[in-house]
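Trainee: The primary structure of each chain is shown beneath.
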Amino acid sequence: MYDGNLVLGGKEFTSRLIVGTGKYSSNEVMREAIEASGAEVVTVAIRRVALPGRGESILDVVDPKRYTLLPNTAGCYTADEAVRTCYLAREAGLGDMVKLEVIGDSRTLFPDAQGLLEATKTLAREGFTVMPYTNDDPVMAKRLEDAGAACVMPLGAPIGSGLGIRNPYNIKIILETVSVPVIVDAGVGTASDAAIAMELGCHGVLMNTAIAAASDPVAMAEAMKLAVRAGRLAYRAGRMGKKLYATASSPLEGVPDWTS
Amino acid sequence: MFLKVNGESIDVPAGLTIDALLSHLGITREYTAVAVNREITPKGEYATVTLKDGDKIEIVRPMGGG
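Protein sequence lines, in the order shown, are assigned to chains A and B.
Per the working numbering, residue 1 is the first one in the first sequence, and the count goes up by one each step.
Per the working numbering, residue 1 is the first one in the second sequence, and the count goes up by one each step.
No lab work stands behind these hints, which were simulated from the structure alone.
Don't be surprised by glycine CBs; every beta carbon is placed ideally from N, CA and C.
Pairwise CB distance ranges, derived in the manner of DEER restraints:
| no. | chain 1 | residue 1 | chain 2 | residue 2 | range |
| --- | --- | --- | --- | --- | --- |
| 1 | B | ASN37 | A | GLY93 | 20 to 26 Å |
| 2 | A | GLU126 | B | GLY7 | 24 to 30 Å |
| 3 | A | GLY127 | B | ASN37 | 22 to 28 Å |
| 4 | A | ARG236 | B | THR50 | 58 to 64 Å |
| 5 | A | PRO52 | B | ALA47 | 16 to 22 Å |
| 6 | A | GLU35 | B | GLY44 | 33 to 39 Å |
| 7 | B | PRO13 | A | TYR77 | 34 to 40 Å |
| 8 | A | GLN114 | B | PHE2 | 37 to 43 Å |
| 9 | A | SER179 | B | THR48 | 43 to 49 Å |
| 10 | A | GLY93 | B | PRO13 | 24 to 30 Å |
| 11 | B | GLY44 | A | ALA219 | 44 to 50 Å |
| 12 | A | ASP216 | B | ALA20 | 45 to 51 Å |
Just chain A, with the same shape it has in the complex (with noise of 0.2 Å):
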């Protein structure tokens, strides 16, 4: 079945799956796993170099020719900060698209809500390609749409709780509520959470400590590829509707007559 792909900044992605860059146990790993989730869009996170600098760099493992890194703005608590490392990102020769998130709070990672607006509206301004990370908040997430986010990321759960989609529902009326991609970030924990995302009508799901904290991660990541992928086609087919009691799939004609 013929689906489109998903278009983020003008550009074209086959791949529905956003994997992160953290917690690997290793380099290898981690390029292994990149490799077997099939995903062509990466984050990073925007840090100080190590003093004296060191020869290493995540861009050895994963290589930008091949794919399109995505910064993100992780660990900025205001939109000056986060507009601020968006700069520093573009500088720094990573382009316009950028993972954008403002928290509000240290313990749940939650986004504040209005920092999050006003560094949406700013970086549009100036020509960056905004993904913003929010609440499952229909209201906000149209805000974002208004204000010029290129797509809208509101979090299944908690980032790194591995908890799944916590409020499907909520999710569903973003999906009616804006025309902007939607793309769940923050939450899978395993393939059929990857694969509820998208059988809700999600655009794509971000995820990062479902397969760097798997047991084996390169088999994780081969599990979301397969799962996003899964879900879409579900989606795109067009489930059944539900019902309470049982409709036989055989037909009720034709069953031997066993009485004596």
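Starting from the known structure of chain A, fit chain B onto it as the hints suggest.
Mentor: Chain B only, in chain A's frame:
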């Protein structure tokens, strides 16, 4: 003179440019960004921006993250 680079106080020769500082610290320019006193410096100006005693400098690169 002393500079605060990525939170660390370091002693460097006076009149250093950003370019010279990066070379001094052995940091590659590719996929690197520099901010001096909160202002981001375009790469084209590394050779001409002269650092002053007490400047606060941030040098960043992409790292693993989600």
